[in-house]
Amino acid sequence: MKINQSVKDERRLTVALEGRLDSDTAPQLQETLDSALEGVTILELDFEKLEYVSSAGLRLILSTQKRMDAQGGEMKIKHVSQGIKEILDITGFTGILKFE
Amino acid sequence: MKTILGIKIGGLQQKIFNLVLLVVIAIIGAYIAVNAYQQNKLTRIVQETSVEQQEAIEAISAQTMAAVLETSMSRTTALQAYIANDLFSEVKTDVLTLRTVAEQLFLHIDSVSPHPYFLPDPAKDGTATVQVQTEKGVDPASSRSLGLVANMSEIMLAMFQNSDKLSSCFVATADGCILYVDDRSGAYFDENGDVVNFDVRCRPWYLQAAEEGDIIFTGVELDAFTDIPGLVCAAPVYLDGELVAVVGADIFLTSISDYVRDTASEGGFVCVVSGDGQVLFSPVSEGVFRAEVSEKATDLRNTGSEELAAFISLALRERTPLELINVDGRDYYLAGAPLETLGWTVVSVVEKELTDQPTQAMLAQYDQINEKASAAYRQSTRRIFRASLGVTVFIVLAGLAAALILAVKVVKPLEKMTRRINSLHGDNAVFKVEDDYRTGDEIEILAESFATLTNRAQEYISQITRITAEKERIGTELALATRIQADMLPSIYPAFPDRSEFDIYAAMDPAKEVGGDFYDYFLVDDDHLCMVMADVSGKGVPAALFMMASKIILANNAMMKKSPAQILNDTNEAICSHNREEMFVTVWLGILEISTGRIVCANAGHEYPVIKHPDGQYELYNDPHGFVIGGLAGLKYTDYELQLKPGSRLFLYTDGVPEATDAGKKMFGTGRMLEALNGCASSSPRDILGAVRASVDGFVKEAEQFDDLTMLCLEYRGTAGKAGDA
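Residue numbers (numbering that gives the first Met the number 0), protein chains in the order written: chain A, 0 to 99; chain B, 0 to 725.
Just chain B, same shape as in the assembly (with noise of 0.2 Å):
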């Protein structure tokens, strides 16, 4: 592993490390999503309440703003046409009052004295005075009225003095005399200081009183004299149905014009509009709602506008409610209230435009508050941002720190515990849990299963080692066993040197280190020659022990000179007494009688002997079988005999020949044992055991030696060589 900056790659402290990167970034990850998102959907929701609240303050601002005009507006329309209109019926009863006097006066003109009268006399100028004007050509003194209503003088200057609406007053007779109180006396003189004519019979209000023949408004004039729009309040006075003056008061609109001009300091302005639907009062110069005072004056009904023409029709005739109407590209607030008495109307009238300022005052404040709070919300944002970076960055390091200080702590145990294991070697090899490695964790319990381990290895390479010896101690015992188990057997040849009867030769080998066949011979007598072939079942030390026994038996029992059969049956009461194991031997057993050749034999439970005649073949000799020895007690065996002649050769030998397995389980067989023994009919029974074992070793070839294998090969020679001998 290469290591960089003390970390090795694809180490654990580099997955450790790894691992908390990755960790981290993930939560920072997470951390920048879900706050883009919250700031992303705060932001969003800054934005929709601003207009939301835009919205709503547009729109309780326009409602409570009409609902306050409303109320304001209806109450101040009111309030002035209520005002105009007492100011008018109050010079209506002061001229009823005149006329009223007038007509006394004229019912009672012969019983009334004049009174005295006077022209205008400058130097009363500004001092209320009654005074007298005619018309052209008219002398006051030839006329029969004027000093009847002379005595009216009295009533007009205290009528005069007494009311601030009045700018005069007056009687005009029938015969172009006209007596007035007001305190303009100078004005009345032209250039040459003459008074001037007055035409009084030709006047507006004279005329249409006369023709009305009732009291009367007139239309507002501007002042003949003063230029101040004014009107006439007249009443024509009759005696028997004739016409013999007129009554009268002029009303100076001054007040209310003023009042009019004052109301446009309060972001709208009151104006007053007559019958005629024309301005006659208003404190604008300019557009619809300007003051005009002629004939020519504009009809507010025929301005083209229809809300305004039904608007106007409306309020000459009733109150009315607010309304909101468009004239010449504007909006206006309008509201009306009627003036009984002449038949005018006032109409307050505020610029919509003049409404809305509050509120768009209201909303640009708001929005400046707004911005400011957006701006503080930003400058926050900012300052999160910053502040989450800072965290953010520290959170790396800080895990980074941790990860690298952890990956250390992890693996530097490790690394330890790696190069200790590596060192155990030989008696120093058990791991020793240091406290290094006490770590309460799994590198803990590593180490624990490392000591536990090479503790348990140790016992088990000394219980190994203790095994081997003991392996070792039993296989010398067992080659010593192997050793005197061959010396037990007669293994010195020429096994007879002295006796040319015949010729022996006998062969064991065992599968294993000890084994379970025998062979034996040995003279019974001088002329008897013991033969023993056996196998004892099983293999190995068991069998061999077995065998041993058995081995000692036959041969003591044919020491006796029993009959085979009887060496058997005795053999065989032996062993089954003492026989729990229930091991057992097949045995062949055959004494040849040298001198004639004849052999008794006995089989227990063994292979058929093979014979061959001097002039034959060899051949398997079907004997009568007994049953193995060792197996039941009480069993009696049976003798047969063979008869050898000279030449003859017997061979015996165990199941370990006929059964030798190749490699593929198949068995040598006694066909190819007889095969064998025929390739060499005639050579010496050692070369015939060569030959059978070279035989039997060609065919299993590598397979491994299953059985023991035991071979005995007697040739008769007969009794000749000896005679020949002897």
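In isolation and in its complexed conformation, chain A is listed as follows (with noise of 0.2 Å):
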């Protein structure tokens, strides 16, 4: 999976995923999110070229979640594909995460 990163400024951070999100690819997206967050008020997730999302992976985006609400941000999903979306339907992550 790729990763790119861009700082719009210090507090607003958008993460574009590429590939597949699962129990192998998410210690990676975890890892970089560790050393991103602080001190993010708004994180965009941007899914337009994410492939495939993985119970691990869903894990990753719920703890995110948690971690933005717990330091007063916002994160927001953008680009979510047909096939992201029915996973997140399914799971009913659709109801708890913020779309674009």
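Treat the hints as calculated values from the structure; they're not laboratory data.
Just so you know, these numbers come straight off a predicted model, no measurement behind them.
One should not assume that every hint holds.
As the list claims (entries may be wrong) - Here are the simulated lysine-lysine pairs, DSS-like style, with alpha carbons at most 30 Å apart:
1. K84/A / K14/B
2. K700/B / K84/A
3. K84/A / K511/B
4. K97/A / K48/A
5. K48/A / K664/B
6. K77/A / K635/B
7. K351/B / K75/A
8. K561/B / K635/B
9. K48/A / K665/B
10. K48/A / K511/B
11. K65/A / K84/A
12. K415/B / K431/B
13. K1/A / K664/B
14. K97/A / K635/B
15. K75/A / K665/B
16. K665/B / K77/A
17. K1/A / K700/B
18. K635/B / K65/A
19. K665/B / K14/B
20. K664/B / K97/A
21. K635/B / K84/A
22. K700/B / K48/A
23. K97/A / K665/B
24. K700/B / K664/B
25. K644/B / K561/B
26. K665/B / K700/B
27. K77/A / K48/A
28. K295/B / K91/B
To be verified - Listed below are several chain A residues computed to face chain B (Cβ distance under 8 Å; list not exhaustive):
29. S22
30. T24
31. A35
32. S54
33. D88
34. G94
35. I95
As the list claims (entries may be wrong) - Now the in silico label distances, taken between C-beta atoms and shown as ranges:
36. Q4/A / F521/B: 18 to 28 Å
37. N621/B / I41/A: 29 to 39 Å
38. D524/B / G94/A: 29 to 39 Å
39. A662/B / I41/A: 38 to 48 Å
40. G18/A / M559/B: 12 to 22 Å
Idealized CB from N, CA, C, for every residue including glycine.
Each chain sits in its own coordinate frame; assemble them with the hints.
As structure tokens, then:
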């Protein structure tokens, strides 16, 4: 999986994901976010090129959402494909995430 | 590697050997080149220097010679001219004295008594004697003057005796008599013993003096009696303007002649040249400078050599500097000084060849010395060459020996090391640094590196052994865990052999040893069958542990006869309260009322259930979805209902089925799943699961199973059968 970070300003971080977010790649994203989320109030996850999210990926999305809530920030998901949308629907994530 | 003379061809030994050989050859080559160049240069310098020195010697020698010659010759010539001049001026004085005396006698002719005189007396030969001779037919006794002039006898005798230059002195009277002094009395007699006549007034000196009227010198003539060259100085005596006598003196030029002859021995010679350019005296008897006393003698000014003519003309007038003049093909150094009294000149002659002789001799000697030096140099060069050759051979041999020793020294420890390393195996796999490797160079470092390497390798081996043992232990434990997990799930079929109202079959196939998926079914009471299909986030042991907890909590809640939504609510609360790892689980839970076929269900983020009614196809049922369990505390789930008819089938699964992926990353998908289900629409739950599994396997082929694969199928038969049974 490829992770493309772009910082618009120190409080606003956009992370574009490409490929599969599963138990093999989730630790990589976890590490990226751990070091990048400090002080961020708006996190945008760009799913345009994301092909698949496994339960491990969902777990990471959930924990990230919780962290953003805890530090008083906001997490938004952008460009969700149909396949990913289905997964989010099924797992009920659609109900707890914000989409743009 | 082949071995020759103990050296491995292509080995380090040979390489070192080659390197040393190459270096030695290069050094020797450079040495020879430099040597040859220096030798060559030195030889050239020696040769060039030799030529330069010869030229310098020639030049300096010639200059010095010329300078010395000039000084010496000029001085000699001048001296000789002076001496000769002096001689003649002395004679001249004598003659002038005689004339004065004669004049006085003639002036007092009347008062002076005649003096006795004598004819030559042979007995007096050898003694200075005054004697008389006459012309033929002249009687001495009839002469008026003879007695008068005889008064000069004593003076003339004294004059003759006092001078070593005069061969005679005389007074000739105008009447044909002559009174003279000499010591050759015996010479004037004929064969008959008579005194010979003397043609006094025909003699050249008489005629010349009479003609000139003043003192004269005659040319050189050979003495009539002795053949000795001589000349006469004569002066006329006048009385009242009339010639009465001629006085004079004979000068034998023996002394000049002898002197001139003596000069010949000194590498050159002196000659006397008359005013007519004739050579009067010369020690040489041949060539241009030979003496010749005759009328026809060669005038040096007419030899054809303009240089010589010019030189002689100048030399007759004044002293000349040294001149190099070519006469008859020979080079002569000439210097002249005039004899003013006589109008002659004294010429010093040195043949150039003679002056060159010392130079030639010096050059010859120099050549000899040079030749000797060259020979010595050549010999020394040869010796040096031989010595160099010896040294070269020694260096080559020493170099090769050193190379051999060095090669052996370097290679021996390496060979030993190679043997030791090759013999390392098993428990004896540690390389030890032996004393042979303590060379203090790279070999020692290499040996130490090997020791370190083998030590580390040994450590790694024991570490790997440990890890492997650990892995095996974990593997054993995992295998046990797999069985425990499998045992946790109902897996004895038929599951409810005494219930004919439904048939149920489920299977879990974990991707790893243990999985996060699980299913469950159990009777809550006689009429209620609880069914669970769940999927824990992640895989492996963590998922398995979480799964166990989830399964137990769900089952416990279900057994408390709560509604599915309530079961999920409570389970969520229970899990969320102890879920730091933020794991979650998707759960579909339904409770079938066996008697009616009504299922109350709740879905916590799980896949859509598939339902087939007796007259329909397998279809996804888009049930209302709640959020996953363990994600957020305080969530409320919603119940919904499904109505089964006898013959209806419910198919539950985890995402492992639709998301099974083939090698091309393509997912199996719910479409293919439904196709597979519809392909065996009326089969038993067990067969249905088998068919779906076969379809999935056919799709993914060789690709690794990525996720747990869990399915459950319920066939509802309704109560009819039960009624029948009952």
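Quiz item: Can you name, in rising order, the numbers of the hints this structure does not satisfy?
Solution: Hints 1, 7, 19, 30, 31, 36, 40 not satisfied by this model.
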